[in-house]
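A.B. asks: Assemble the whole structure, with the sequences as input and the hints as a guide.
Chains as they are written, first to last, in this note's numbering: chain A, 1 to 470; chain B, 1 to 500; chain C, 1 to 127.
Certain hints may be false.
[Said to hold, decoys possible] Dumping the calculated DSS-like pairs for lysine-lysine here, alpha-carbon to alpha-carbon at most 25 Å:
id, chain 1, residue 1, chain 2, residue 2
1, B, K491, C, K10
2, B, K403, C, K62
3, B, K403, B, K472
[Said to hold, decoys possible] Short derived list, chain B residues pointing at chain C, Cβ under 7 Å:
id, residue
4, V486
5, A489
6, R490
7, D493
Derived from the structure by calculation, the hints contain no laboratory data.
Each residue gets a CB set at the ideal place from its N, CA and C atoms; glycine is no exception.
The chain contents come next:
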Amino acid sequence: MRQIPVTCEQREAMLRALGLSATEELFADVPPAARIDRPLDLPTGLSEMELVGHLRGLTDANAPATELVSFAGAGCYDHYVPAIVDHVLRKPEFFTAYTPYQPEVSQGTLQATYEFQTMICELTGMDVANASMYDGATALAEAAQMACRITGRHALVCAPTVHPEWRRTLLTYAEAGTAEVSRSPATDVATGTMQVLGQEDESRKEDHPSLASVLSDERAAAVLVAQPNFFGNFEDLSLIAELTHEAGALLVVAVNPLLLGVLEPPSAYGADIVVGDGQPLGIPMSFGGPGLGFFACRKEHLRQMPGRLVGRSRDVDGNEAFVLTLSTREQHIRREKATSNICSNQALCSLAAGVYLAAVGSEGLSAIARACIAKAHYLRERLLETGRFGAPWETPFGYEFALIYDGDVVEMRSAMLERGFLAGVCAGEVEGGSFAGIGAEMLESLVLLAVTERRTRAEMDLFAEEVASL
Amino acid sequence: MTERSAQIPSGAPARGPRRLIFETGAPESRCVEPPPLDVPELDLKVRLQGRAKIRHEMPMLPHVTEVEIARHYSHLASMNFGVDTGSYPLGSCTMKYNPRIGEDAARYEGFAGLHPYQPIETVQGALELMCRLAEALGEISGLPGVTLQPAAGAHGELTALMCFRAYHLASGIERRRVLVPDSAHGTNPATVAMCGFEAITLPSDADGGVDLAALDEALDDDVAAIMLTNPNTLGLFERNTLAINEAVHSVGALSYCDGANLNAIMGITRPGDTGFDALHINLHKTFGTPHGGGGPGAGPVCVTEALKPFLPGPIPVHLDDGSFGLAEPARSIGRVRSFFGNFGVLVRAYAYIRGLGGEGLREVSEQAVLSANYLKERLRDAYELPYDRTCMHEFVLSGVRQKREGGVRTLDIAKRLLDYGFHPPTIYFPLIVEEALMIEPTETESLEELDRFAKAMLAIAEEVSTDPALLKAAPFTTPVRRVDEVAAARKPDLRFRREG
Amino acid sequence: MYPSDLKYDKEHEWVRVNGDIATVGISHFAQDQLGEVVYVDLPAPGDSVTLGEPFGEVESVKSVSELYAPVNGEVVKVNESLTDSPEIINEDPYGEGWMIEIEMSEPSEVDVLLSAEEYEVFVTEEE
Numbered sequence: 001m002r003q004i005p006v007t008c009e010q011r012e013a014m015l016r017a018l019g020l021s022a023t024e025e026l027f028a029d030v031p032p033a034a035r036i037d038r039p040l041d042l043p044t045g046l047s048e049m050e051l052v053g054h055l056r057g058l059t060d061a062n063a064p065a066t067e068l069v070s071f072a073g074a075g076c077y078d079h080y081v082p083a084i085v086d087h088v089l090r091k092p093e094f095f096t097a098y099t100p101y102q103p104e105v106s107q108g109t110l111q112a113t114y115e116f117q118t119m120i121c122e123l124t125g126m127d128v129a130n131a132s133m134y135d136g137a138t139a140l141a142e143a144a145q146m147a148c149r150i151t152g153r154h155a156l157v158c159a160p161t162v163h164p165e166w167r168r169t170l171l172t173y174a175e176a177g178t179a180e181v182s183r184s185p186a187t188d189v190a191t192g193t194m195q196v197l198g199q200e201d202e203s204r205k206e207d208h209p210s211l212a213s214v215l216s217d218e219r220a221a222a223v224l225v226a227q228p229n230f231f232g233n234f235e236d237l238s239l240i241a242e243l244t245h246e247a248g249a250l251l252v253v254a255v256n257p258l259l260l261g262v263l264e265p266p267s268a269y270g271a272d273i274v275v276g277d278g279q280p281l282g283i284p285m286s287f288g289g290p291g292l293g294f295f296a297c298r299k300e301h302l303r304q305m306p307g308r309l310v311g312r313s314r315d316v317d318g319n320e321a322f323v324l325t326l327s328t329r330e331q332h333i334r335r336e337k338a339t340s341n342i343c344s345n346q347a348l349c350s351l352a353a354g355v356y357l358a359a360v361g362s363e364g365l366s367a368i369a370r371a372c373i374a375k376a377h378y379l380r381e382r383l384l385e386t387g388r389f390g391a392p393w394e395t396p397f398g399y400e401f402a403l404i405y406d407g408d409v410v411e412m413r414s415a416m417l418e419r420g421f422l423a424g425v426c427a428g429e430v431e432g433g434s435f436a437g438i439g440a441e442m443l444e445s446l447v448l449l450a451v452t453e454r455r456t457r458a459e460m461d462l463f464a465e466e467v468a469s470l
Numbered sequence: 001m002t003e004r005s006a007q008i009p010s011g012a013p014a015r016g017p018r019r020l021i022f023e024t025g026a027p028e029s030r031c032v033e034p035p036p037l038d039v040p041e042l043d044l045k046v047r048l049q050g051r052a053k054i055r056h057e058m059p060m061l062p063h064v065t066e067v068e069i070a071r072h073y074s075h076l077a078s079m080n081f082g083v084d085t086g087s088y089p090l091g092s093c094t095m096k097y098n099p100r101i102g103e104d105a106a107r108y109e110g111f112a113g114l115h116p117y118q119p120i121e122t123v124q125g126a127l128e129l130m131c132r133l134a135e136a137l138g139e140i141s142g143l144p145g146v147t148l149q150p151a152a153g154a155h156g157e158l159t160a161l162m163c164f165r166a167y168h169l170a171s172g173i174e175r176r177r178v179l180v181p182d183s184a185h186g187t188n189p190a191t192v193a194m195c196g197f198e199a200i201t202l203p204s205d206a207d208g209g210v211d212l213a214a215l216d217e218a219l220d221d222d223v224a225a226i227m228l229t230n231p232n233t234l235g236l237f238e239r240n241t242l243a244i245n246e247a248v249h250s251v252g253a254l255s256y257c258d259g260a261n262l263n264a265i266m267g268i269t270r271p272g273d274t275g276f277d278a279l280h281i282n283l284h285k286t287f288g289t290p291h292g293g294g295g296p297g298a299g300p301v302c303v304t305e306a307l308k309p310f311l312p313g314p315i316p317v318h319l320d321d322g323s324f325g326l327a328e329p330a331r332s333i334g335r336v337r338s339f340f341g342n343f344g345v346l347v348r349a350y351a352y353i354r355g356l357g358g359e360g361l362r363e364v365s366e367q368a369v370l371s372a373n374y375l376k377e378r379l380r381d382a383y384e385l386p387y388d389r390t391c392m393h394e395f396v397l398s399g400v401r402q403k404r405e406g407g408v409r410t411l412d413i414a415k416r417l418l419d420y421g422f423h424p425p426t427i428y429f430p431l432i433v434e435e436a437l438m439i440e441p442t443e444t445e446s447l448e449e450l451d452r453f454a455k456a457m458l459a460i461a462e463e464v465s466t467d468p469a470l471l472k473a474a475p476f477t478t479p480v481r482r483v484d485e486v487a488a489a490r491k492p493d494l495r496f497r498r499e500g
Numbered sequence: 001m002y003p004s005d006l007k008y009d010k011e012h013e014w015v016r017v018n019g020d021i022a023t024v025g026i027s028h029f030a031q032d033q034l035g036e037v038v039y040v041d042l043p044a045p046g047d048s049v050t051l052g053e054p055f056g057e058v059e060s061v062k063s064v065s066e067l068y069a070p071v072n073g074e075v076v077k078v079n080e081s082l083t084d085s086p087e088i089i090n091e092d093p094y095g096e097g098w099m100i101e102i103e104m105s106e107p108s109e110v111d112v113l114l115s116a117e118e119y120e121v122f123v124t125e126e127e
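C.D. replies: Below, the structure written as structure tokens:
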């Protein structure tokens, strides 16, 4: 493949114009000791046709979830993506543009981002949303840092039921810088949610503290919770919000945006910062990335928010025009005092989310969320009926749930794979799966199953039947 | 002669602003509708009781049909300028043309359809791609330890500095300061702060490089690292790289290379061979991923053997039995995000590197550098050239002469370039050059385009003397004209609300 | 440009002294250098300020500048109207654009501040 339009002859002419005779001379500033004196040890280049063959060869060694009957979720979901979404994304004016620093020739990206910000505000009920972060996990970590700036405190309390990879990311960010992650409240094994209040059982109190006891020192900058949590369960957010605010901390809630088509927005129970991963909104799973992190907060905390913001203004002719704004928060102006070092957003993914939400509309989003929930409940019933699965808890859940399998989960998954099913995710396998209070034995047999609108009743019936026959 | 604008009927479709998508369509309009439900419907109110409530107010999302979506976004696209629209010599951003095969490949079902938690035996092709990409980046950088997890350059920077911090802590010494040249990008000091270090600014010398005397003075055993951009933001190769890195190492500090400008040096010099301990690579600049209007990109980090154990995990590995797996580095700092990174971007980068090969990559760098020097030569008389050296893939001009002459600012020159059909260069950066114009033509511009750009810049320099007022009012031909940023910042309007 | 009844510091704040109350704002030169002010972040009444330390920030579209306390003391009054109309700082830096009133803990500190003439010389040198 060659991507250089300058011809050999032109190259010579350009060199002559510089008074040089060889390209080599352009690199005179690179000291000989710094040079590499051999060609790079990389395979020789391929023609486009050969390259396609090579890449197709690699995909042949994959069995994509989208071509199986997949019940895998755990933060990445197999939702249907309307055709129009990718057609918009393929417009070169969108995907070959840079950050919209020149608003006169970037109104497309800017307006689409303003529309995206509006949609995220509508879904979350918050006042302002930024142009997006890398992913849900980093959005959560940045929300924690923001809470520290606002409260002047440095301790972070994270629910043990937040996705383990997100918790690990939060910890990495905190350890690197200026915050500390407090001792985790316990998981209440009976409900698969965070232990919020103290428990009766004295013997568990010490090793498995409640949120209330962790918060009692009033040092926490933020309490971070996922709704629904990693197990698909809904936390008792009203109570958590009350305790959090009583302790003078901010409430950071990570949500699945698709479910906000039917659930009350986090603003209703007093969330201060709302984050999440936008992947369910029209973005392919793509082995976990790229997706987008969304980030919304209250108006009074706007100046402490990380990330880009697009605002609406006017041009000199009085026409409505959009522009990047409030950039004094950002690194290119405030340098070491910036609210974050982030200097990009997942613009193309936020465009996808915007087109997706336009394509489904509020009724559509609600219908999809309801369908996913109904199907997940259906599958759970069917699986319990097989007698091979047990229910660890009866907590209300969305479209993902955990069951206890009565055999070897890994073997079951392999056997089902042979039959064309992706039988969910083994909770204990994710990031070494630790949930403060859930024993290793239980974790080993805990299967996490997600059901999106793409799954049919027939597929679920067959899955239940096959798994029962193992 | 009749004005062209007089020939356009009123009510003709405007190229300018378009109403918001929320103001398009009708309440009953729909694009896609979900299929009928094939399982029993649930009474959600009952099912979720005590834990979650049903929303009583629907979110205000658009109500549009597919054709309205298609037209809306086509119109928005028409107001954008991308690399496919024309030359985009935006310094430090490497706005090259990217082969379309990468776009296709990232969408192959066998890549885009993968779930991150599929059993390892069903994702062998994806892991192989990641392994091969990591090997290639290790070879290009001369730094064998590679993490593909970071989602962007700034994220890579953060990851590298976190590894440095962990490395120092593991040896039992807490070091608090990080040296950052005054020519550095703002992300560098911001990253330093996010890692709990203190940023110390190093002045540049008259040649545009690091001032060695100042470096010598700043170095002590409290210094954790230096962050260098090489080639630097002036587009100059740091001639003293070896000496700088030796001095940094002599006090036990580590040296980080901001790889923003890797497009200049592939196959010429490797950061790992010149004493750097870590480097981040912007796959979206050098390796075939279009910028997407601001992302997604990817910012893999390459490190020395000594730092390898600290990289975020998991790392894709080639196992002895020939298969591919995932491994956690021994003293990993932990993850910096969920899953494995921006895999779709990794596919594009791999396709690019495989398509071009080692020779092709070297040719890219050679041409990028030649084109930049060629343009510099063509423009040096019309504009001030503050650092008159052979440049790498970009160079920095100054508009001081124009400012003195006609009171024309660099911003005005940039806006006028839009009328000539070019995306402007980066302006007012690096900070150490007054009225800076940072120009990076990239290797994918033809000689004809380079000449056209030079001509436009020369014509604008002329206009500075003949009609400075014109420049201050530019642009005239764009979908909207200069935007009131002051009003935007004073009364932030960051979201649409339906009236009433 | 630099009213003679005011005192100035080298960070470009001005001070109007009335008994032990010091009213503080930024000079004409400062607002001109900054360009159009879009936002100002000020302390709350009751906060104490330390001579030479930042007490707030003032922002234009593309820059942020810290505001430095010209004296020690406690903030007793804050110009609330700047929150909604920061442009007043550009329009009337010495009048409506005042920022805070400080009850000085050591009123003699104003004696070391610059006079209008001295400040003008300082500004000319800076330019």
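A.B. asks: For B:K491 and C:K10, compute the direct alpha-carbon distance and say whether it is at most 25 Å.
C.D. replies: 31 Å, violated
A.B. asks: Can the restraint linking B:K403 and B:K472 be considered satisfied, given a maximum Cα separation of 25 Å?
C.D. replies: 11 Å, holds
A.B. asks: Would you check the hint for B:K403 and C:K62, treating anything up to 25 Å between C-alpha atoms as holding?
C.D. replies: Satisfied, since the Cα-Cα distance of roughly 19 Å is no more than 25 Å.
A.B. asks: Would the hint on B:A489 be counted as holding, given a Cβ-Cβ threshold of 7 Å to chain C?
C.D. replies: 4 Å, holds
A.B. asks: Checking hints one by one. Is B:V486 an interface residue toward chain C, by the C-beta closer than 7 Å rule?
C.D. replies: At 5 Å from the nearest chain C Cβ, B:V486 passes the 7 Å test, so the hint holds.
A.B. asks: Taking the least C-beta to C-beta distance, is B:D493 closer than 7 Å to chain C?
C.D. replies: At about 13 Å, which exceeds the 7 Å cut-off, the nearest Cβ of chain C leaves the hint on B:D493 violated.
A.B. asks: Taking 7 Å as the limit, does the beta-carbon of B:R490 come near enough to a beta-carbon in chain C?
C.D. replies: Since the shortest Cβ distance to chain C is 5 Å, the answer is holds.
Of the numbered hints stated above, those contradicted by the structure are hints 1 and 7, listed in ascending order.
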